[in-house]
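Q: With the hints as extra help, turn the sequences into a complete structure.
Chains as they are written, first to last, in the working numbering: chain A, 1 to 62; chain B, 1 to 62; chain C, 1 to 62; chain D, 1 to 62; chain E, 1 to 62; chain F, 1 to 62.
What the hints contain is simulated information worked out from the structure, not anything from laboratory work. Be careful, since some hints might not be right.
Where chains are identical, the list cannot tell them apart; a pair therefore holds if satisfied intra-copy or between any two copies.
[Unchecked claim] Lysine-lysine pairs mimicking DSSO-like chemistry, simulated, CA-CA at most 27 Å apart: (1) 19 x 33; (2) 19 x 56; (3) 56 x 33.
As a plain string of letters, each chain reads:
6 protein chains.
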Amino acid sequence: MPFVTVELLAGRTVEQKRKAAEAITQAVAEHLKVQPASVYVIFHELSRENLASDGKLFADRQ
Amino acid sequence: MPFVTVELLAGRTVEQKRKAAEAITQAVAEHLKVQPASVYVIFHELSRENLASDGKLFADRQ
Amino acid sequence: MPFVTVELLAGRTVEQKRKAAEAITQAVAEHLKVQPASVYVIFHELSRENLASDGKLFADRQ
Amino acid sequence: MPFVTVELLAGRTVEQKRKAAEAITQAVAEHLKVQPASVYVIFHELSRENLASDGKLFADRQ
Amino acid sequence: MPFVTVELLAGRTVEQKRKAAEAITQAVAEHLKVQPASVYVIFHELSRENLASDGKLFADRQ
Amino acid sequence: MPFVTVELLAGRTVEQKRKAAEAITQAVAEHLKVQPASVYVIFHELSRENLASDGKLFADRQ
Numbered sequence: 001m002p003f004v005t006v007e008l009l010a011g012r013t014v015e016q017k018r019k020a021a022e023a024i025t026q027a028v029a030e031h032l033k034v035q036p037a038s039v040y041v042i043f044h045e046l047s048r049e050n051l052a053s054d055g056k057l058f059a060d061r062q
Numbered sequence: 001m002p003f004v005t006v007e008l009l010a011g012r013t014v015e016q017k018r019k020a021a022e023a024i025t026q027a028v029a030e031h032l033k034v035q036p037a038s039v040y041v042i043f044h045e046l047s048r049e050n051l052a053s054d055g056k057l058f059a060d061r062q
Numbered sequence: 001m002p003f004v005t006v007e008l009l010a011g012r013t014v015e016q017k018r019k020a021a022e023a024i025t026q027a028v029a030e031h032l033k034v035q036p037a038s039v040y041v042i043f044h045e046l047s048r049e050n051l052a053s054d055g056k057l058f059a060d061r062q
Numbered sequence: 001m002p003f004v005t006v007e008l009l010a011g012r013t014v015e016q017k018r019k020a021a022e023a024i025t026q027a028v029a030e031h032l033k034v035q036p037a038s039v040y041v042i043f044h045e046l047s048r049e050n051l052a053s054d055g056k057l058f059a060d061r062q
Numbered sequence: 001m002p003f004v005t006v007e008l009l010a011g012r013t014v015e016q017k018r019k020a021a022e023a024i025t026q027a028v029a030e031h032l033k034v035q036p037a038s039v040y041v042i043f044h045e046l047s048r049e050n051l052a053s054d055g056k057l058f059a060d061r062q
Numbered sequence: 001m002p003f004v005t006v007e008l009l010a011g012r013t014v015e016q017k018r019k020a021a022e023a024i025t026q027a028v029a030e031h032l033k034v035q036p037a038s039v040y041v042i043f044h045e046l047s048r049e050n051l052a053s054d055g056k057l058f059a060d061r062q
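A: Rendered as structure tokens:
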């Protein structure tokens, strides 16, 4: 606790997620005054046919 | 914003999700008074072994 | 099932949510081929100090 | 309703999820005073590169 | 980990949530083979104007 | 997009959330290669009777 969930399009590398998890954890621990060991980060990866904005799937954008 | 997340069993076609995303976006924009461009729709697809009702997995139903 | 969750800023009237729930349910039922009776809609209302974009809380925007 | 979502590392068997869904449903129905038929359980399975604690991906742990 | 989120209508007592949290944790620990100490349970309470089924708010039901 | 949701116990000041939103946005933008303007951060605040670990509500801990 806290639990941080990141909804994002699939396609990042493990290295990008590794760095992001580390930096998000630091940001949360420092500013919300919690121990880094208590912070969980979850990535929910979405395919381009499972995300839309403005009524249009990302799979249909160019 | 708003962000609309739809949890559903996997198995819909891209065309079904395309139409659903469009219609949900219209419904939200019209009734919640926001621009369609600010509406995001996310589909979370579930396999039948990852959803249960009445204590029973959908994978075990007929 | 399906379950539709709408994250939005607080401040809509009950009437707006009533209409939105009805229209979203219709959109989902028609395009994802489910019975309206099986569709659930949940509104998660956020205060302006609990939502940020571009690194800035909505409470701090004008 | 209620809807119970379980975020967990991937790797459980169908049998484990079957038993867990049944037991969670019983726990919810008994203590929150609802009919078992109204309880939904959803499993969100995470790969080890999509979960971190203490700033470190589970994929990088031993 | 695992994280269990329960979406439910507001109105349960603390005692009901206390018992539910305990029983859900036992169910998860036993069947998903994790330590009880690693299980988190979160209750998201919804008002009757923030939940709809069949296109109709619970606030409008009798 | 991406959308970052932070589940945490209630009780932080607006200033803490302001700083956290800014730092999380920077972390996400830098490491996941997105524009800061596309990053949304949502805080879900939980009361101590709505969060449990090890089967015990935080309201019951000392």
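Q: All hints are to be evaluated individually against the structure, with a verdict given for each.
A: Results for each hint:
Taking the shortest Cα distances, residue 19 and residue 33 sit within 27 Å of each other both inside one copy (21 Å) and across copies (11 Å). When the C-alpha separation of residue 19 and residue 56 is checked against a cutoff of 27 Å, the pair qualifies only between copies, where the shortest distance is 9 Å, while the shortest distance within a copy is 31 Å. Proximity of residue 56 and residue 33 under a CA criterion of 27 Å is satisfied inter-copy only: 19 Å between copies versus 40 Å inside one chain copy.
Going through the hint list in order, the structure satisfies each hint without exception.
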